[in-house]
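As you go down the protein sequences, you meet chains A and B in turn. Our numbering applies: residue 1 is where the first sequence begins, and numbers increase by one. Our numbering applies: residue 1 is where the second sequence begins, and numbers increase by one.
These aren't lab readings, by the way, just hints derived from the structure by calculation. Using N, Cα and C, we set each Cβ at its ideal position, and we do this for glycine too. Treat the hints with caution; some may be incorrect.
[What the hints assert, rightly or not] Partner residues are not named here, just some residues of chain A that face chain B (Cβ under 7 Å, in silico):
hint: 1; residue: 90
hint: 2; residue: 95
hint: 3; residue: 97
hint: 4; residue: 189
hint: 5; residue: 254
[Stated by the list, open to error] Computed spacing ranges between beta-carbons, pair by pair:
hint: 6; chain 1: A; residue 1: 197; chain 2: B; residue 2: 128; range: 46 to 54 Å
hint: 7; chain 1: B; residue 1: 180; chain 2: A; residue 2: 82; range: 33 to 41 Å
hint: 8; chain 1: A; residue 1: 278; chain 2: B; residue 2: 158; range: 54 to 62 Å
hint: 9; chain 1: B; residue 1: 104; chain 2: A; residue 2: 148; range: 44 to 52 Å
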Amino acid sequence: MSPLLEIEGLRVTHDGKPIVDGVDLTLEPGEALALAGESGCGKTTTALATMRLLPPSLEQSGVITLRPEGVAEPINIGRRTETGMRLVRWRHISLVFQGAMNSLDPVQRVGRQLAEAIRLHERASSAELAARIAELLETVGLTAGVGDRYPHELSGGQRQRVMIALALACRPSLVIADEPTTALDVVMQAQVLQLLERLREELGLALILISHDLGVLAETCDRIAVMYAGRIVEIGAVDGVFAAPQHPYTKLLLDSLPVIGDERGLAAAIPGAPPHPGEPPPGCRFRPRCPFSGDRCDVDPDRREVGPRHEAACHYAPWERWPEIEPAAAGEGGAA
Amino acid sequence: MSGRWLAGKVGAAVLTLVFVLVFNFFLFRAVGDPTSQLARLPGATDEQIEQLREDYGLDKPLLGQFADYVGDTVTLDLGISQTTREPVWDEIVAALPWTLLLVGTGTLLATLIGAWMGVKAATHRGTRTDDGLLGFSLFTYASPEYWIGIILILVFAVAWPIFPAGQQVTPGVEFASWFDEALDVVDHLILPMTAMTLMLLGQYFLIMRSSMVDVLTEDFITVKRATGLSRERVINRHAVPNALLPLVTLSAIQFGAVAGGAITIETVFSWPGLGELSFNAINDKDFPMLQGTFLVFSFGVIFANLLADVLYFYLDPRVQSR
Ligand SMILES: Nc1ncnc2c1ncn2[C@@H]1O[C@H](COP(=O)(O)OP(=O)(O)OP(=O)(O)O)[C@@H](O)[C@H]1O
Ligand SMILES: [Mg+2]
């Protein structure tokens with residue numbers, strides 16, 4: 001089966017400095033991929049580049065190919081004209097944005113905004129349109145009456161449901177959800193994620209889910225890609241990566257998850273700060289913060305196969321077992 | 001819910017009006033005994049002055065004067081002008097339409113052009129278009145309005161005389177029809193209206209530009225683009241309606257303030273509006289007239305604020321549920 005989405009060598013630069021520096025990934029139809037990594041590593045930029053929605057100050061290169069079901073020719077995102085892209089957006093890929101607060105036009109009724117998106121891609125009579133909108137709102141667990149409301153009249157959770165309804169409006173094959181639950185309380189978060197999971201199964205959607213919350217990602221996704229300073233440093237099945245991470249950064253990220261009942265309580269975060277992707281340190285980008293680094297780390301490692309469908313960008317992978325590290329040693333690494 | 005909100009706003013406006021009324025009374029009493037100004041007739045006898053004081057009710061105790069004043073004001077009896085000997089109210093009624101015409105057209109034009117320029121600059125941020133528009137608007141913003149007025153007169157009425165330099169209609173002409181008269185008024189209106197527009201434009205442009213720049217960074221703009229809308233449509237259908245809110249409110253509020261502040265432009269162009277009326281009143285120390293125009297200006301500001309609130313109410317659904 002050919003992948004639904006294929007990203008090869010995606011680079012995004014600002015004033016010549018890279019923000020995203022060579023991202024490769026593939027996504028099968030119906031698959032859920034998690035995209036994790038510290039703030040500023042380029043997750044949102046990657047997502048927007050996939051829809052060619054970056055602001056004009058950012059330049060993107062690389063090949064992005066989309067093969068939606070029922071479309072004969074693969075869609076080459078990089079080659080399309082802007083007008084051509086407008087037909088691809090929302091019809092094949094849609095977006096649920098970070099935080100629900102500002103993702104809808106505050107001075108337009110919700111129903112009108114849904115209708116606008118549908119009418120852009122399909123011919124529909126007013127009656128059909130109204131029925132579609134009611135159905136969409138019900139799919140995400142809202143009443144049809146919500147269509148007559150303004151965004152500010154809805155709760156954060158309701159608004160995010162409206163966003164999901166909007167994302168489903170044209171029956172796309174891929175939904176990119178960029179931190180869809182950050183602005184919500186824990187109960188709402190769980191509800192929205194369950195909704196996303198349910199819809200994905202029912203509609204056979206592929207999903208790219210971006211989040212800082214590894215727990216959320218593990219629960220919702222099949223595969224996980226971990227980004228560091230503009231690159232994917234590890235990618236593989238969620239189970240495999242969580243059980244046996246193969247990049248020190250992933251290992252430390254997982255270690256920094258608070259473990260309930262653990263006597264350490266909140267585990268230490270990774271010391272030091274990530275470099276800006278535009279000014280990476282020489283050699284391996286993670287070296288200055290890596291407690292496991294060695295001589296080979298002078299050379300920037302390529303990402304390579306380290307297990308079945310499991311890739312990591314570390315010279316020393318696959319790791320048989322991780323050496324014990326003292327917290328102090330990790331601190332030293334961060335200072336380097 | 002919304003009726004209550006409106007009632008509250010109207011109530012606040014009425015309260016402000018009452019305060020202005022009181023303030024107006026005491027302000028003009030505080031500047032000194034009005035009779036010392038009234039009796040400018042050389043060699044006026046004490047009796048004549050006494051007669052004047054009686055005519056104007058100035059011999060009564062302050063509270064009585066205040067009661068008279070409130071009663072008169074409410075019945076639109078604002079006294080008699082010291083210079084023209086006409087009722088102040090009649091003079092104001094004659095001048096008001098001219099001020100409304102000038103300020104109304106000027107505000108409307110400045111709002112439309114300012115909004116259009118603001119959108120252009122914000123969507124071309126950092127380009128020459130933006131720099132040019134910014135430079136132009138800062139220039140007009142910084143120029144005093146009398147200077148703008150004089151330049152307009154020098155260029156378009158003197159050096160290249162295509163428009164009349166002043167007044168509202170050509171004096172002494174019998175017009176064949178109201179339409180001809182209207183055309184003549186428009187001819188006279190163009191220069192002062194342009195001056196008024198230029199006076200307001202810079203500020204409106206800057207407000208619209210910054211509001212538009214803010215709106216364009218909002219997430220919903222990216223989402224709308226993601227749905228497949230073209231950039232132009234996102235701007236026109238979603239960004240502009242949101243960015244217009246502060247500008248519309250500002251120009252509505254300003255409308256009241258500008259009506260009072262049109263003094264300079266009306267004077268430069270001999271435009272027979274309230275501004276000129278009050279300017280002459282100041283020169284002639286015409287107290288009843290000053291008091292009257294002051295009252296009308298205050299009323300204008302209060303009314304404009306109310307108008308701005310109501311406009312915002314209809315334009316921004318977020319206000320309605322408050
Ligand atoms: N328009 C832009 N111009 C210049 N730099 C940008 C622009 N957008 C993003 N960046 C930079 O690109 C880097 C990656 O940003 P991005 O928003 O993709 O990170 P992220 O991984 O989504 O972070 P977060 O988890 O905080 O959302 C950041 O360092 C950011 O400063
Ligand atoms: Mg982000």
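Hint by hint, here is what the structure shows:
1. Interface hint status for residue 90(A): upheld, as the beta-carbon distance to the closest one in chain B is roughly 5 Å, under 7 Å.
2. Look at residue 95(A): its Cβ gets to within about 5 Å of chain B, closer than 7 Å, so that hint holds up.
3. Proximity of residue 97(A) to chain B holds as hinted, the smallest CB-CB distance being about 5 Å (cut-off 7 Å).
4. Annotation: interface hint on residue 189(A) violated; nearest CB of chain B at approximately 18 Å, more than 7 Å.
5. The criterion of a C-beta within 7 Å of any C-beta in chain B is not met by residue 254(A), whose closest approach is roughly 30 Å, and the hint is violated.
6. For residue 197(A) paired with residue 128(B), a C-beta distance near 51 Å keeps the hint of 46 to 54 Å intact.
7. Checked against the hint of 33 to 41 Å, the C-beta distance between residue 180(B) and residue 82(A) comes to roughly 53 Å, which is inconsistent with it.
8. Between residue 278(A) and residue 158(B) the C-beta distance comes to about 60 Å, which sits within the given range of 54 to 62 Å.
9. A hinted range of 44 to 52 Å is violated for the C-beta pair residue 104(B) and residue 148(A), which are about 36 Å apart.
Figure legend: structure checked against the earlier numbered hints; hints not met, in rising order: 4, 5, 7, 9.
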